[in-house]
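Asks: Listed below are the residues making up each chain.
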Amino acid sequence: MPFGILKDSLGQDWFQWEHEAPATVKDLREWLKQFPNIHPQLPIAVVFDQAYQPDSFEIKDGMQLYLMPPVSGG
Amino acid sequence: MPFGILKDSLGQDWFQWEHEAPATVKDLREWLKQFPNIHPQLPIAVVFDQAYQPDSFEIKDGMQLYLMPPVSGG
Amino acid sequence: MRKHFTISSTPININEVKQFIQLEDTGATVVFEGIVRPDQMPNEEAVATIEYEGLSEMAISELEKIALQIQSRYEIHSIYFHHLLGKVAVGQTAVWVGVGARHRKDAFGALDYLMDEVKKTVPIFKKEISQQQSEHWVVPNYNNEK
Amino acid sequence: MRKHFTISSTPININEVKQFIQLEDTGATVVFEGIVRPDQMPNEEAVATIEYEGLSEMAISELEKIALQIQSRYEIHSIYFHHLLGKVAVGQTAVWVGVGARHRKDAFGALDYLMDEVKKTVPIFKKEISQQQSEHWVVPNYNNEK
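Residue numbers (the working numbering), protein chains in the order written: chain A, 1 to 74; chain B, 1001 to 1074; chain C, 2001 to 2146; chain D, 3001 to 3146.
Just chain A, with the same shape it has in the complex (with noise of 0.2 Å):
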């Protein structure tokens, strides 16, 4: 699911990725360089289970992630 900036470039509220396993959240990175409205300086976060995931996090079917943008809170 996408938040913020990301809705609205994407948009969609929610989609579905595939991808052979085993997929890393560096994986999906570069996936969403597919979409022409994200520009490539947008830094985004990929967050499961409440929290913030490292580029080496491991990607299991069935997972529901968040894709976010800078914060913006405050």
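Don't read these hints as lab results, they were simulated from the structure. There are no misleading hints in this set.
Pairs of lysine-lysine, DSS-like flavour, derived with a Cα cap of 27 Å:
| hint | chain 1 | residue 1 | chain 2 | residue 2 |
| --- | --- | --- | --- | --- |
| 1 | C | 2065 | A | 26 |
| 2 | D | 3120 | B | 1007 |
| 3 | C | 2127 | A | 7 |
| 4 | D | 3105 | C | 2003 |
| 5 | C | 2105 | D | 3119 |
| 6 | D | 3119 | B | 1026 |
| 7 | C | 2087 | D | 3105 |
| 8 | C | 2119 | A | 33 |
| 9 | D | 3003 | C | 2105 |
| 10 | B | 1026 | D | 3065 |
| 11 | D | 3105 | C | 2120 |
| 12 | D | 3127 | B | 1007 |
| 13 | D | 3105 | C | 2065 |
| 14 | B | 1007 | D | 3119 |
Since the structure is predicted, the reported quantities are computational estimates derived from the model, not experimental observations.
With chain A's structure known, arrange chains B, C and D on it following the hints.
Replies: The following block gives chains B, C and D in isolation, referenced to the frame of chain A:
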């Protein structure tokens, strides 16, 4: 007029200082050393006309001065 | 340490913050409010409203982490944090933050640190909306031209 | 810049500070309160009350000087300062200070600077008084044994 702890050290709300003219703030500070209840390490500021006055400030006849220990508001 | 973290669509009053953060031997309370400003948007229209969205549960969890860091750096008695989600009009407060401590420097330092960290990790996102209904996502440190 | 300096024996409410300091394009307000703590006095009795005395007119004049310094260092919209004179009981606020600015860092910096300077030059003096009526003048940076 002494303020704060100085009022208690001197035991009175105000006193008169007599000195041969010309006198400065520095002379007044020297004179205050005679009071055994004033700790020699206590910094004393001399105020005239709502402002702190330097050692070189010339004290004239009839001036009302305030003697101030370090401030402790806030 | 007394803590209160809420991510909510309901505004509060500064008195609630103040009352929560002052404990028995508190000598200093500091309350910060972040208020929506009528800034100019990239299309030169003026901001009328900011719409906040966020992940509440994760936000609370990130705030708990920040609170732990604060406890290792500052001697404080209490933290209060309340951030609105949804639309907040110009002139209205979007975030209330309060800290109580024995001493002012700890209260100030902790509050400043808290806000710096909130702006790095707490998953809340804001979109500026003008009177004319133009929208603009605010993305810090990023060239945000559409 | 909007300014309000009072040295008075009448307590105020945090809302008065908040309302004064928030102007049209203010994005950050910070309100500090200094509260009387039940500290231990040198004779080991606990503080019950602090009695403040001061020179009001000179205090305002010193605050005006500090405000000028602040204006040259920080971009702020407003300053509110209200200090009590007379007796203030433990748990009660003795000083309310508020700053409004576009940005948080200016508001925090200005408020911290203001309090640092107040503690150097503004002629207000405090005496701790215990339940048993012992008295102890507080003199910063000085061996205060009687």
